[in-house]
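> Sequence order for the protein chains is Z and R. Sequence positions in the first sequence follow our numbering and run 1 to 190. Sequence positions in the second sequence follow our numbering and run 1001 to 1168.
Honestly, I wouldn't trust all of these hints.
Said to hold, decoys possible - Computed cross-link-like contacts, EDC-like style, restricted to lysine to aspartate or glutamate with a CA-CA straight-line distance of at most 20 Å:
{"no.": "1", "chain 1": "Z", "residue 1": "K167", "chain 2": "R", "residue 2": "E1038"}
{"no.": "2", "chain 1": "Z", "residue 1": "K89", "chain 2": "Z", "residue 2": "E30"}
{"no.": "3", "chain 1": "Z", "residue 1": "K169", "chain 2": "R", "residue 2": "D1127"}
{"no.": "4", "chain 1": "R", "residue 1": "K1071", "chain 2": "Z", "residue 2": "E132"}
{"no.": "5", "chain 1": "Z", "residue 1": "K178", "chain 2": "R", "residue 2": "D1011"}
{"no.": "6", "chain 1": "Z", "residue 1": "K178", "chain 2": "R", "residue 2": "D1015"}
{"no.": "7", "chain 1": "Z", "residue 1": "K169", "chain 2": "R", "residue 2": "E1038"}
{"no.": "8", "chain 1": "R", "residue 1": "K1071", "chain 2": "Z", "residue 2": "D137"}
{"no.": "9", "chain 1": "Z", "residue 1": "K167", "chain 2": "R", "residue 2": "D1010"}
{"no.": "10", "chain 1": "Z", "residue 1": "K90", "chain 2": "Z", "residue 2": "E30"}
What the hints assert, rightly or not - To give an idea of the chain R side of the interface with chain Z (calculated C-beta under 8 Å), a few residues:
{"no.": "11", "residue": "T1056"}
{"no.": "12", "residue": "A1066"}
{"no.": "13", "residue": "L1153"}
{"no.": "14", "residue": "V1156"}
Everything labelled a hint here was simulated from the structure, so no lab data went into it. We put the CB at the ideal spot given by N, CA and C, even for glycine.
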Amino acid sequence: MAETLTDEVLIARAVQGQQQAYALLVERYEHYVFTLAVRMVKHREEAAEVAQDSFLRAFRYLPDFRGEARFSTWLYRIVHTVALNHLRKKKPEVHSLDDAARPIRLPDAQHPDGAQQLEQQERHAAIHQAIEHLPADDAAIITLFYLYENSLEEICQIMELSMSNAKTKLFRARHRLKTILETSAVRSAL
Amino acid sequence: MEDHTFDINDDLLWDYADGMLSEADNQRLAAYLDEHPEWVPRLQAIGAERRLLQSTPLEAPPAGFAVQVMKAWAETQSPPVESADWVIRGIGLVFSLFILLPLGLFISKGFQGKDAGVTLPEMPKVDWIGLLTHPILQYGLYFVFTILALRLLSAVLSQYKSMHQMVV
């Protein structure tokens, strides 16, 4: 039954004070919110804090949500802001030399489909690892555009960018991701 | 034949795959690819990379994350704890008076018409039994204990309510 309830219905019920509606919104979006947070702050425990803060902030301001954008767009905008604030407060991160030198193993795309599923998992792991090396905003835009399939207009709202800035950022983020994957592939081949 | 001259490269193919080209450029590139099929495998490879980015699994939050969020939310909804402060301050004030009142009496009586420094002042007579059994004090204590009991009951009920709402 819960699956059939739209975000709008859940929001209306939550604003009326139904705790169950809040709980369903958390269940529906916890993976998306946490993934965006962890890709931006690069640390699971801190990402959990960011995700929790984002939900609490969203609930506090839920009565102000006017429904002009999708709820997910509004929520991701909060996550993006909370994550950036978290990163600003945080001391500069000291990257482990071991981490930087750790090669990202990117299997050959032309491999025959004997162990295709394993191959797919390994390629996902390589992408995941490469995204870890991206700056927060690059990781956010790649996640929002490709994984969450947000439009560029929505990304402009979430990240508070102009359309041309969003296009440039996406272009650069894609290039950086490609460079990381290629560099790592070369490093692992050596 | 229409001339579809393009400075074709990966970036242009990515923009094409991402749907970021204008309608006119889209059509021009589609026509160019029809005429230059050697670029099609590259476009297919980009398509595969896009699908890979789109299909990376979501990260699972720590176990019990949703419950933790709802607990934190319930805490922000419960009344502030400042009301407990004045009860504690009230009790502190009553006990302070118990100590300071006899001390004040002791000091003031000790210096009345006595030779300072020679005779020790007499201890003032305080009727402790009378004070403790005074109706005002008894009503005061009854009031304080009633407030404390009500606060305790309210805290227990609010905890029970928030837990029940999370389970339903």
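> With reference to the structure, classify each hint as holding or not holding.
Now for the hints, and whether the structure bears them out:
In summary, the hint linking K167/Z to E1038/R is not supported, as the alpha carbons are separated by about 28 Å, beyond the 20 Å threshold. Among the hinted pairs, K89/Z with E30/Z is inconsistent with the structure: their alpha-carbon atoms are about 24 Å apart, more than 20 Å. For the hint pairing K169/Z with D1127/R, the CA-to-CA distance comes to about 83 Å; that exceeds 20 Å, so the pair is violated. Restraint check: the Cα-Cα separation between K1071/R and E132/Z comes to about 30 Å, which exceeds 20 Å; the hinted pair is violated.
Between K178/Z and D1011/R, the direct Cα distance comes to roughly 12 Å. Compliance with the 20 Å bound is thereby established for this hinted pair. At most 20 Å may separate the alpha-carbon atoms for a hinted pair to count; K178/Z and D1015/R meet this at roughly 15 Å. As the CA atoms of K169/Z and E1038/R are separated by approximately 30 Å, the hinted pair breaks the 20 Å bound. A C-alpha spacing of about 30 Å is found between K1071/R and D137/Z, which places the hinted pair above 20 Å, so the restraint is violated.
Taken as a hint, the K167/Z and D1010/R pair is honoured in the structure, with Cα atoms around 16 Å apart against an allowance of 20 Å. This hinted pair does not check out: K90/Z and E30/Z have alpha carbons roughly 23 Å apart, beyond 20 Å. A hinted interface residue such as T1056/R counts as satisfied when its beta carbon comes closer than 8 Å to some beta carbon of chain Z; here the least separation is about 5 Å, so the hint holds. Given the 8 Å rule on beta carbons, the hint for A1066/R holds: about 5 Å separates it from the nearest Cβ of chain Z.
Annotation: interface hint on L1153/R violated; nearest CB of chain Z at approximately 21 Å, more than 8 Å. Of the supplied interface hints, the one on V1156/R is violated, with its beta-carbon coming no nearer than about 18 Å to a beta-carbon of chain Z, more than 8 Å.
In this structure, the earlier hints numbered 1, 2, 3, 4, 7, 8, 10, 13 and 14 are contradicted, and the remaining ones agree with it.
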